[in-house]
Amino acid sequence: MISGVLVIFFVLAALAVFGAVSLILQSHPIHSALSLILVMVSLAGLYLLMGAEFIAAVQIIVYGGAVMVLFVFVIMLLNAGVEERTNFSKLATFGGIPLALALGGIIAAAIARSSGHLPPPAASGAMSSTRELSMLLFSTFVYPFELTSFLILVAILGAIVLAQREN
Amino acid sequence: MVPTNYYLILSAILFGLGVVAFVFKRNIITIFMAIELMLNAVNLAFVAFSQALGKADGEVFVLFVIVVAAAEAAVGLGIIILTARNRRSLNVERVDLLKL
Amino acid sequence: MPILENLWIIPLLPLLGSAINGLFGAKWSKAIVNSVALGSTGVSFLCAVEAVREFLSGGSQPFRKEFFDWIVAGSFRAGFDLQLDQLTVVMVLVVTGVGFLIHIYSTGYMAHEGGYYRFFSYLNLFMFFMLILVLAANYVLLFVGWEGVGLCSYLLIGFYFLRKSAADAGKKAFIVNRIGDFGFMLGMFLLFRSFGSLDFQTVFAKAATWQPEAMGQFGTMTVACILLFVGATGKSAQLPLYVWLPDAMEGPTPVSALIHAATMVTAGVYMVARSHVLFTHAPTAMYIVAIVGCATAFFAATIGLVQSDIKKVLAYSTVSQLGYMFLACGVGAFGAGIFHLMTHAFFKALLFLSAGSVIHAMGGEQDMWNMGGLSKKIKVTFVCMLFGTIAIAGFPPFAAFFSKDSILFAAYNSENGGKVLYGVGLLAAVFTSFYMFRLIWLTFYGEKRYDEHKVHVHESPGTMTGPLMILAFLSLTGGWFALPALFGGKDYFAEFLSPVFGAGEAGGGEAAQSLEHILSVVAVVAATAGLLVAWRMYSKKVKRGTSEGVHKLLYNKYYVDELYAAAIVRPLMWLSTNVFWKVVDAGMIDGAVNGVADGATAVGDTLRHTQSGNTRSYAVWVVVGAIVVLGIVFWPILHPALFGGVR
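Protein chains in written order, with the numbering used here: chain D, -7 to 159; chain F, 41 to 140; chain S, 409 to 1055.
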């Protein structure tokens, strides 16, 4: 008996995979960007399904609302057109698919072999409240937290420096 | 309940597709987007494990990944803009100044 | 200061002289160089005399002293040990005495030559090594001296190194010596393995307890003795390693006199005599020694019959006389061999020095066919050379009569074909007499075959004629130790050496006495025969004939050098060039080293392709790296299941 949760999972998963495939197959970067937005939104849905509401929210706000917007702006700014079909790298052409398959294979095998060892999923929602998250963030992970703020500062500075005009 | 395995398999598929896009696409912005896709796949795996183990550590890590990805996107796109202006092309194969 | 306790002084003085002359002599005048060289040798001679006096006054007990440890390895010890017994007495006096006389002679002979100080430095160095050789109390130190005299021989033969023939002769001497030395070393190894030591005392004491081996049996003792004898054939120029000695005449005449007549070449005889305990336990080895010695004596004498260079005649006669000494040792008459060594030192040095005097008088001419009629012009040299010739021919009462006589007598009495050995030795004596008198007649009699305007014949200075006269005196009287034996009395020389060799030599019985008398007479008759034939052929007007048949064969020394060159030298050169040089050195060794460089270049060429400048290929490499890292991380999970394990 297939539960409703499973159905929703498969729908969202299918959307994500569709979006990813579309990212590869589209020729104009703006279409690829839109496909990526689709992926991100479906992933947010999946997070919600798993009970990680805060993460889902952050995903949509930061990734979808900031990062992807940035991408779209840059595409507009650079007037990106349809991709040029050049092919200078023989290595990439012939090695790409086998490598991807190898990568996928390793991960798949690892997942398959270890499937017996995973604990069953706990009841949704109980552990993953925002309160829990922030407790961890400001106690165990306070150093990485401060470092990430520093990282953001560096990124801002970097962006400003890079965007300067040459005088 | 959805078994954790399914999430991991989905994450692996997305990651693999991200790698394919990373290798095969020629537009530099698209390659960057592939990187973002890979990061998202990894985020999914983290959240899946976090839920499976019942701890919130995985989600904290996801937070950090998102922050870093954002910072990286900002700086990376800035560089892309400069490079594109310099080389007058968005084709990554045209940036071959290191060729022997 | 008792010299005997400090025997090391005797070799050390010439070494000091050599070092001083070698380092500083280039800037000094001839007088200073002379005084250093002659002084060191002369004082060494006096020290030797004093040491002998102390030895004799101390009851002639064999003296042995260890000065310091040189090699200590486990139970093996080879030290700087010197000894003095009766045999050493004879050798050390001959070496220092004759050496000193030749040094004096050289001051006159080499007066006009370049490299004066170098000559005396080398000569003193030679004295040092030779004295180490005769004073050594173990085989290892003896071998040091052995090698050292070989080195000095090379340096002195090639003294006129700007002349290719001289440099080649030096090389030849050293290389042929080395072949002999290889045998010597193998013999030493065998001795060490059998006796655990190389000290004379230890080895001879242990060897004396061994059962003597049978004739025809090649046991350890025999093989060791044969190997030692191989070394002796190299150093003392016997068959088949004699080829270097005639070429060694390229060196200055005093060198030929000292090294290739009186001292170095006798080192082999000394070594065999010193090892007599070993040889007497190995009759096969002794027989081989006797045969080789006898054959060499005859062989060299035949070549000497027709040579035209005055020094070559003397060189072959040296080889021949050394053959006699080995014949003596081979039949057990070690004392007779040493006796002949001593008398030979006297008359051969005399002959060489006189020949040098003749060459000096003739302004460098060495071919006898371009001489003649010199007896009136250089009287002193003539008389001295005549003394030497009469001595070598074996006429009484000159020295060699006694020594050669005792050798032939011992050969006659030996078993296993002694009569044949005697016969061949006697024939060689006839030849010796013949060619030596031929030399006299060609050089000093007949009409002069040179141009008087080109060559100004003059007598040599006193520094040269003085030693000649002393040596002439010794050639006459040197054998008189054994004179009383002729009249039924004692042979003082043999008696002196009997503590070393055992008392088998002093005469035995009436029958032996009269046999010895008969054989002496036969020897004199043989010598006279040689003299008469030479007189007949060469004393009148003579002309150099064409060389055909047997004469050609003998004149070209039986083509032995050519044979060696074809059979040994050329194949070795071919091997060296085509195998060792082209294949091993250039191919394998250079190839390996170059191959490493080529390999590095090849690897670099391959890896170069990763740096293509193309970003997409870089992306591929990133993915490859990721796969590797993931593989490593997931390996514990993956590998048990890789080969169809549990799911």
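I should point out that these hints are in silico values taken from the structure, not numbers from a laboratory.
Keep in mind that the hints are not guaranteed to be accurate.
Unchecked claim - Calculated pairs, EDC-like style, for lysine to aspartate or glutamate (alpha carbon to alpha carbon, straight line, at most 16 Å): (1) LYS95/F <-> GLU45/D; (2) LYS95/F <-> GLU124/D; (3) LYS139/F <-> GLU773/S.
Values in this document were obtained by computation on a predicted structure and should not be read as measured data.
Tested hints:
The suggested pairing of LYS95/F with GLU45/D holds, with an alpha-carbon distance near 15 Å, which does not exceed 16 Å. Between LYS95/F and GLU124/D the alpha-carbon distance is near 9 Å, which keeps this suggested pair within the 16 Å criterion. With a C-alpha separation of about 82 Å, the suggested pair LYS139/F and GLU773/S falls outside the 16 Å cut-off, and the hint is violated.
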